[in-house]
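Asks: The primary structure of each chain is shown beneath.
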Amino acid sequence: MSFPAITAVANVLAHAPGLVRYGSKPLRDIGQDPAVLEAITPRLRSYADAVAYAPNQVFIGNLDPEMLGAVPRPWFRALDGTASSTGAFGDLIGECELLGLLKLCDRARLVHLDAATLAEARAGLARRGIVTPDEMAALAAADAGAINAIGKSGEAIPLWLDGRVVGAMSRGHEQDEALTANVLLENLAAKATGVLAVRRLLRMVERRLGPGDIDFVLAGSEEAVGDRYQRGGGGLAKAIAESCGITAATGFDVKAFCASTLYAVVNAAALIQAGLFSRVVVVAGGSLAKLGMKYRAHVARQMPILEDMLAGIAILVERPGARGSDPSARGSDPSARGSDPSARGSDPVIRLDTLGLHTIATGSAQQAIVEALVITPLAKAGYRLRDVDRYATEMHNPEVTEPSGSGDVPRGNYRLIAALGALRGELPRDGIDAFIAAHGMPGYAPTQGHIASAVCYLAHALRAMRAGQIRRALFMAKGSLFLGRMTDASDGVSFILEI
Amino acid sequence: MIELKGKRVLVIGERDGVSGPAIEVCVRSAGAQVLYAETLCFV
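So the sequences go chain by chain: A and B.
Residues 1 to 499 in the working numbering are what the first sequence spells out, letter by letter.
Residues 1 to 43 in the working numbering are what the second sequence spells out, letter by letter.
The hints are simulated quantities; they were obtained by calculation from the structure and are not laboratory data.
A hint or two may mislead.
[As the list claims (entries may be wrong)] Which chain A residues face chain B? A few, computed with CB under 10 Å, are given here: (1) T180; (2) M293; (3) R296; (4) T359; (5) I360; (6) G363; (7) T401; (8) S404; (9) G407; (10) A419; (11) A452; (12) K478; (13) F482; (14) D488.
Note that CB positions come from ideal geometry on N, CA and C, so glycine has one too.
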């Protein structure tokens with residue numbers, strides 16, 4: 001049986017220190033004590049430091065995850081001044097460029113930027129090939145007086161760049177709590193980083209595909225787009241598609257807490273396997289709410305506030321045989337072909353016959369979840385634990401989580417997988433560390449839950465499989481459904497990707 | 001060792017450790033009254 005293939009993946013980052021104050025935790029704490037902002041501000045990183053930070057370089061594809069283990073900790077002190085903001089999988093854009101993207105993605109005319117910021121953003125984004133001159137030229141700048149006036153009136157919140165106010169984000173309605181400036185900024189940040197990822201993805205495949213060749217778009221982000229009558233109504237998938245010229249496609253959003261994006265990949269593959277579509281894009285934008293989530297621990301340890309990155313991912317899933325390419329047909333920029341599927345070999349496929357599913361009966365015990373997401377799908381495929389080259393779990397950067405007491409999340413997952421293997425007699429009881437060293441990876445993803453939940457490794461897996469370095473990887477994501485107070489249940493999904 | 005019998009308990013579980021409902025079952029079986037239980041996610 002043939003299965004849908006993953007043919008291109010873009011991983012992008014946007015440095016957003018000026019938005020950390022609007023992250024959920026900082027915003028609440030600053031509201032209670034404005035002096036908190038004085039503790040946060042000196043701990044914010046420069047753009048150069050964010051680019052030079054090894055986990056970010058892994059995320060955008062300039063380093064392999066396995067190489068991170070050789071970088072001395074703390075990674076925030078082992079900066080590589082020669083690192084590039086252009087990665088094999090996508091860009092790490094600066095905050096000025098991010099503000100320009102917010103403006104570009106704002107269909108409701110609620111983002112206001114001063115002329116200097118808009119001009120700098122326009123130049124930066126054009127240099128990266130992310131925007132066209134025409135679309136940026138159509139954006140109008142606001143004057144500083146107007147920006148200050150709407151800020152003082154309470155209609156808008158200020159947008160910061162390098163410590164000064166350069167713009168504002170207006171509310172969408174006078175009374176609607178689902179359309180406040182903060183909520184809309186959060187949603188727009190998810191849209192803008194999703195657009196950044198999809199535009200990069202389209203450049204990767206431009207030699208054989210155009211936006212009009214995409215049939216369907218699924219978004220699996222963490223935002224809740226809607227209004228007071230339907231909070232979380234959705235529509236981000238089509239909003240992103242529209243902003244990327246994907247006009248022949250329809251689409252919808254998938255919601256499952258941090259498992260959303262991986263569920264969306266499974267849904268994309270299922271839609272293709274069912275014969276409904278040939279090419280589906282899965283997109284995930286970044287979570288503004290999670291910026292500065294653990295700032296207290298970082299400030300207390302006098303380290304940089306590392307949760308200053310918004311992340312985005314776009315994944316192209318295709319029907320086997322749908323690649324029918326004409327390499328000479330489109331584009332010629334070699335920098336855009338970092339993971340162009342038409343560049344080499346075959347594509348890895350999603351084994352839909354061995355999905356790992358968390359059923360209601362699975363429960364919330366960690367052992368049961370890992371049994372459902374790892375042991376059961378491997379058994380269905382006739383594989384043993386060591387037949388999988390890499391396990392992509394929740395790849396949170398431990399340097400972010402350890403100071404607050406949350407530990408090394410990927411390592412915790414690996415230990416549980418290995419322990420179950422030992423219980424089943426597949427590994428020796430003293431072989432857990434060796435298993436982790438051989439089949440695991442250091443965490444490198446920003447703590448943007450859905451992004452960290454395995455999908456951040458898809459681009460790396462694609463590259464490693466095409467290069468013949470690995471043959472098989474298992475992707476597993478968990479969702480904390482209980483946080484929404486509608487159930488005590490957990491959630492999770494997994495699949496095997498193999499070439 | 002804590003004697004839980006007759007005690008009133010607030011349960012805070014952890015997603016990557018032991019969940020709230022699992023602790024609740026254990027605590028009840030030890031004769032305690034659970035006033036509140038939830039599971040938190042720290043990542």
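Asks: Look at each hint and say if it fits the structure.
Replies: Hint by hint, here is what the structure shows:
no.	hint	in the structure
1	T180	25 Å, violated
2	M293	9 Å, holds
3	R296	13 Å, violated
4	T359	16 Å, violated
5	I360	13 Å, violated
6	G363	8 Å, holds
7	T401	6 Å, holds
8	S404	7 Å, holds
9	G407	7 Å, holds
10	A419	14 Å, violated
11	A452	8 Å, holds
12	K478	8 Å, holds
13	F482	5 Å, holds
14	D488	5 Å, holds
In summary, the structure is inconsistent with hints 1, 3, 4, 5, 10 from the numbered list given earlier, while agreeing with the others.
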